[in-house]
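Chemist: Residue numbers (our numbering), protein chains in the order written: chain P, 1 to 347; chain Y, 1 to 301; chain G, 1 to 253; chain U, 1 to 425.
Heads up, a few of these hints could be off.
[Claimed, not checked] Output of the computed footprint for chain P on chain G, the stretches with three or more beta carbons under 8 Å from beta carbons of chain P:
{"#": "1", "stretch": "2 to 11"}
{"#": "2", "stretch": "164 to 170"}
{"#": "3", "stretch": "200 to 209"}
In case anyone wonders, no lab produced these hints; they're calculated from the structure. Only a predicted model underlies this, so the values are computations on that prediction, with no experimental measurement involved. Glycine residues also receive a C-beta, built at the ideal position from the N, C-alpha and C atoms.
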Amino acid sequence: MLFRIIKKEDFKTFVNLMLQTTEVIAPKFIKNNAKGKPIHQFLPISNYDEMVLDYEKCEFSAKTYFLPYKNTLSTFHMKDHDWTQEIQYRIQPRAIFGLHPCDINALVRLDKVFARDFYPNPYYISRRKNTFIVGIDHLPCDDGFCHAINANHITHGFDLFLTDLGDRYFVKINSDRAFMAISEVPIQEITDEDTKDYLAVRKQISQSYKVSVKTDDLPNLLDIEFESKVWKKWGDKCLNCGTCAMVCPTCYCYGVTERVSMDHSTGKKIAYLYSCNLLDFAMVAGGHNFRPNQETRLKYRYYHQHRGFVESYGEPMCVGCNRCGRSCLAGIDPVNVIRDLHEEEKL
Amino acid sequence: MRLFTPYDVTKESDMLMPLEFTRANRLMHVDKTYKAEITNIIRLTEMEKLFHIRIINEEERARFSFLPGQFVMLELPGYGEVPISISGSPSNRGYIELCIRKAGIVTSILHKARRGAKVGIRGPFGNSFPMEKMKGNNILLIAGGLGMAPLRAPLFYVTENRSEYQDVHILYGTRTPDQLLFTYQYDEWKRIDDINLQIIVEKPDITWSGKVGMITKLLDELPIKPLETYAIVCGPPVMFKFVCNRLRQFGIPMHRMFVSLERRMHCGMGKCCRCNIGSTFICVDGPVFDYWSVLNLKEAI
Amino acid sequence: MKYLFMESKRPKVAVFDFTDCEGCELQFANKEETLVDFLKAIDIVNFREVMSEKSDEYDIAFIEGSISRADEIERLLTIRQKAKFLIALGSCACFGGVNRMKNKFPMSDVNKEVYGETPKETLPVRSIKELVHVDFEIPGCPVSKAEVERIVQHIIWEVPYQFPVYPVCFECKQRFTICRFELGELCLGPVSAGGCDAPCPAGGTPCWGCRGICAAPNFQEFFNLAKERGFSKEEVIERMDFFGGFRSVTGSK
Amino acid sequence: MKINLNVDVHHLTRVEGHGNIIVKVEKGEIKQASWEVVETPRYFEAILRGQRYDAAGILTARICGICSIGHCLASIRATEHAFGIEIPEIAKKLRMLAKHGETLQSHFLHLFFLAAPDFINLKSVIPLLEKNPQVVAIAARLKGLANNLCDLVAGRTTHPVSLHVGGVSNFPDKRKLSLFKEQLKQSIPDLHATVDLFRTFEIPDFVRETEFVSLKGVDEYPFIGGNLISSDGIEMKEHEYRKMTNEFVVEHSTSKWCRLSRESFAVGALARLNNNYTLLHPEAKKVAETFGLKPVHHNPFMNNVAQLVEVVHCTYDSIRLINEILEYPENTPTMVKFEPKEGVGVGAVEVPRGILYHEYEYNQKGRIVKANCIIPTTQNNANIHYDIYDLVRKNVQKGMTDEKLELLCSMLVRAYDPCISCSVH
Ligand SMILES: Cc1cc2nc3c(=O)[nH]c(=O)nc-3n(C[C@H](O)[C@H](O)[C@H](O)COP(=O)(O)OP(=O)(O)OC[C@H]3O[C@@H](n4cnc5c(N)ncnc54)[C@H](O)[C@@H]3O)c2cc1C
Ligand code: SF4
Ligand code: SF4
Ligand code: SF4
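Full structure from sequences and hints, please.
Modeler: Shown next as structure tokens:
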């Protein structure tokens with residue numbers, strides 16, 4: 001990794017240069033919510049001014065740019081009782097600006113599933129490798145618990161990473177393509193002054209985490225508390241809407257469906273992101289449902305994230321961004337659920 | 001600004017491994033299906049048909065091999081993909097046998113298919129019954145209803161290597177006599193393969209002269225040597241729960257009983273999570289589990 | 001229809017309308033890119049809004065609209081006798097639709113309000129299934145043509161069609177729509193049947209529940225969360241009664 | 001004279017809603033020649049009582065599946081007048097664009113699917129799929145484009161979701177808008193092909209002196225709001241609409257009738273064109289000229305041609321509007337804040353079939369106390385009725401068969417493109 005300094009106006013030039021050849025996704029201001037708080041979302045931008053880098057948190061994670069909500073896996077062309085299959089992977093380059101450390105960590109975890117494990121997934125890999133990722137440091141949000149789950153630092157999985165030092169950015173350069181790209185605009189070597197400022201910002205960040213919750217004992221706890229009343233308490237509230245999984249940066253469960261054109265000349269095989277909180281997630285033909293009630297479905301989501309995934313990949317799937325808690329209309333917030341599990345254990 | 005050269009997965013060398021669906025392999029087109037032709041359709045009952053399916057491309061056909069217990073994803077382009085256990089013999093390299101019940105969308109359309117229809121298959125996926133380990137022992141094959149379909153692959157394996165196994169028993173139960181599958185093969189199994197075949201139905205009709213009752217009833221009449229026996233149990237969850245518990249009472253160790261689990265599956269590759277139970281994926285870690293593992297899987301049954 | 005050595009027949013289809021706005025049957029002529037193929041897959045033999053040919057020989061009857069007059073009841077009974085498969089098309093046919101709000105008032109009162117001293121014949125609004133057996137219901141105000149197409153395909157192949165089980169919220173998320181609750185509005189999305197692709201919240205209108213109740217509704221929590229956000233139970237119920245699909249919860253007429 | 005004619009059309013086809021034509025001629029004497037609307041009434045005005053202001057537009061869109069955007073616009077305009085709301089310029093433009101989308105969509109539907117078959121001796125467009133697939137392809141392209149325009153601006157073709165009291169909820173995606181502009185430009189050859197097709201049709205020659213009522217355009221061909229005008233020289237303000245319609249209940253029809261200077265009057269594309277000819281886009285005027293359509297034209301069958309002219313006008317005007325909308329920055333507010341209050345408001349909008357009025361009286365809670373909606377077809381019903389009478393009178397002597405007369409009468413009614421379920425709301 002290389003460290004450099006870039007002036008903000010040079011950074012602007014950099015973004016605008018990039019826009020000339022590449023689709024750029026960045027946090028964009030949408031509107032204020034009912035309480036007057038701004039809402040941001042990762043959306044395509046057409047010029048630098050639409051990008052908001054000092055945003056708090058985007059409602060939705062950026063995962064859709066890697067695992068689209070709906071993704072055509074293959075197309076079948078049918079003719080005279082025969083067919084051919086066509087498979088295409090996305091190879092148009094794209095850049096995403098303004099990912100926070102938790103979001104980048106989420107991608108690193110998805111990499112473990114889709115890029116490193118057996119059956120690597122070419123649809124994901126092609127999107128991942130064709131996406132230029134620019135992350136940025138920020139002051140902790142109100143409800144996130146990334147620090148409690150070890151997702152507030154990043155070491156890899158990005159191209160550039162910025163830390164705002166007022167009039168300039170402290171840049172971590174993590175790939176040769178990033179170095180080539182950023183070298184198109186003036187960048188400076190870091191001075192002691194820069195390092196001092198950088199460390200001060202980092203210190204400020206690390207002192208500002210607000211939410212505290214213990215997560216390291218969760219794999220064990222979840223096993224013991226499998227029959228816990230906590231699940232009933234929170235499960236009864238669940239609306240079975242799947243919102244939590246849709247906004248989550250790591251939830252990756254999906255379904256596959258096929259659609260045939262009205263004249264039966266083409267068929268499409270489509271993967272669509274799904275959620276384990278939905279009624280028929282584990283339902284099979286004939287109507288048997290392995291998780292028929294809200295409580296078991298809600299429990300399964302925690303069980304998969306904090307127990308199953310840990311066992312398979314050594315760390316939880318959750319990165320503590322708390323988007324699920326924030327967008328859940330029923331107010332099911334992972335911090336409270338996990339705290340309740342700890343309480344239950346003490347009883 | 002030339003940001004970076006677009007990356008094309010299909011050009012990456014280590015992704016260019018041949019199309020082989022075994023766990024260890026990396027593969028390029030996880031979504032590519034073998035084109036296969038339905039060469040024969042045998043109507044077994046009102047609801048079940050046996051399909052003979054042959055991979056069209058010779059090279060692909062030669063490469064396709066499987067172990068008893070594995071399944072394939074069978075695809076009707078434009079309508080969907082379903083997991084189906086392979087119901088034929090692993091040594092049959094000409095065609096694959098699939099016994100399919102009309103259950104929902106894909107399977108219903110499939111039941112309308114005629115010979116010559118071209119479908120897609122991916123696989124084989126999943127693990128298998130430890131047929132090697134079972135050699136030299138008595139074998140208990142216990143099937144309830146459609147459970148006979150996945151049981152046929154290990155049965156073929158046993159009959160084709162008959163001398164390497166001791167006593168072989170098939171215990172088979174269905175609800176009514178007209179639900180019995182593969183009736184035309186019973187004689188062969190009994191006479192040629194020296195298998196003790198016992199059949200029982202829950203609800204007899206006027207033509208039925210055989211045994212009546214639950215499948216566990218058949219067990220009670222068997223001479224079982226617990227430590228020299230392996231059991232394979234296939235059927236609906238309630239059924240194998242009862243059967244395995246009874247076998248345990250006979251003293252058969254739980255790691256000598258195998259069941260094949262069924263879950264919703266959409267990818268077969270441990271990605272979609274539909275069949276996931278915590279850290280276990282039925283599609284890659286299963287579908288075959290010994291009974292001890294099943295008991296350890298939360299909410300497995 | 002021919003497909004991979006499988007063949008299905010081309011069903012004879014009739015479309016009838018009753019008390020409604022004819023917006024759902026209009027959808028049959030929409031989605032122009034596949035219109036021609038759609039018309040080839042089925043044999044439309046009776047469809048007053050767009051054709052003059054008429055035949056009383058049909059397999060499938062699509063019924064649009066609710067029932068609010070004696071002659072309509074008669075017509076419906078005849079259709080039921082002739083049709084092998086009867087489909088209620090749209091929220092009016094499935095639940096009574098917006099027309100049902102009329103039932104809040106005495107019939108004499110609504111007549112007086114509109115026709116003064118020369119009242120017209122009218123009955124309280126009823127849905128199709130309240131009068132005859134319905135084989136399949138496609139809710140929506142209006143119905144989604146894409147869904148109708150898919151259902152027709154399934155009917156042609158005689159395979160069951162499964163509506164999505166998730167509520168509207170799920171599709172909102174897939175469209176990147178900002179939740180209407182966050183903007184301070186009341187939305188029935190969390191308890192309404194999805195599958196419409198959530199056009200309303202995306203377009204700026206909260207969901208009013210035109211497709212009725214979703215597969216696994218959690219009304220208790222829904223009333224709670226609405227209350228926490230300042231919407232009274234009466235207000236929620238008023239909204240639920242708009243399209244008539246929530247009567248099992250609201251108990252309205 | 002021994003002429004006996006008998007026409008009894010029960011539930012006229014290829015029109016929206018249920019209506020009957022009855023003609024009885026005995027020994028050359030017309031015993032009956034009438035247009036009866038037998039649509040089931042839905043009592044919208046009664047249902048509207050007690051509704052909140054934000055429900056009115058959603059509810060009244062359901063008056064009609066074809067012109068739901070028009071109803072929604074008239075409804076929110078009435079509410080805005082009652083509350084004293086002035087909406088932003090950009091919202092006005094977006095609403096007009098949505099309105100054009102609807103006009104295009106509805107006119108294409110009528111021209112190709114409902115009216116055209118009569119001229120080519122077919123009973124519907126379906127046989128045309130085999131006979132002349134190019135025409136169907138053109139129809140599908142044009143109508144599809146119009147529907148997509150509605151989708152983009154109003155959120156949905158049928159029953160819009162982006163039109164609200166106070167403005168329009170979203171600024172549409174600019175990239176999609178520019179793309180649309182190109183598609184509209186590319187659709188112009190298809191429009192010309194349509195014009196050519198209609199030029200081959202033989203339009204029945206029938207004239208009856210009629211009074212035409214529409215909105216009065218000032219510097220634009222009128223679609224949303226403004227003064228009301230009649231070709232007999234009457235001009236009134238939007239809120240004086242009751243004096244312009246004079247609705248009354250008749251025995252044999254569930255739809256009411258209207259009158260102004262004469263026993264009946266006409267609204268619709270022909271009325272708009274007759275009253276606002278000078279404001280048409282030059283390209284549209286050219287099309288009018290090729291058909292010899294000049295104000296004031298009294299042949300009701302020419303309404304089809306007037307629709308064709310309007311289609312050309314709306315296409316060009318949509319391109320202009322998109323250009324203007326693209327000038328605005330994407331974050332321009334499209335809605336204004338407001339408080340509901342007590343009051344009465346009227347909204348008049350030209351929907352495809354003519355002028356439409358909504359009027360609401362609100363209490364201080366923003367709930368409707370009294371509502372009145374007057375639909376174009378309601379205003380046309382009497383005129384259709386008298387037209388049929390006159391048509392029969394003029395043809396009785398010509399030795400016409402029942403079938404021929406039935407077709408002619410049906411074509412006459414279809415020319416008005418009646419929206420019957422609307423008229424009996
Ligand atoms: C490992 C395994 C082996 C199987 N072997 C056989 C067999 O040999 N013979 C046989 O008749 N059936 C077998 N099944 C069950 C068979 O997969 C289902 O009956 C079939 O998926 C129903 O599909 P459908 O499209 O007809 O039904 P639908 O209800 O329309 O299903 C739609 C989708 O749901 C999923 N799904 C539904 N039910 C199941 C299910 N039970 N298991 C997994 N996914 C499901 C599929 O992805 C399918 O595409 C097996 C299932 C598994 C998991
Ligand atoms: S936890 Fe919340 S967001 Fe997730 S499915 Fe349940 S109600 Fe929806
Ligand atoms: S807007 Fe409505 S449907 Fe959409 S997420 Fe919010 S509550 Fe759900
Ligand atoms: S969002 Fe709600 S009101 Fe809109 S179409 Fe869907 S179910 Fe109907």
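Chemist: Now tell me if each hint is right for this structure.
Modeler: Results of checking the hints against the structure:
Against chain P, the stretch 2 to 11 of chain G contributes 4 residues with a C-beta closer than 8 Å to a partner C-beta. That satisfies the three-residue criterion, and the hint holds. By the rule of at least three residues with a Cβ nearer than 8 Å to a Cβ of chain P, the coverage given for the stretch 164 to 170 of chain G holds, with 5 such residues. Given as covered by chain P, the stretch 200 to 209 of chain G fails the check, having 0 residues with a CB less than 8 Å from a CB of that chain where 3 are the minimum.
In terms of the numbered hints stated before, the structure departs from hint 3 and from no other.
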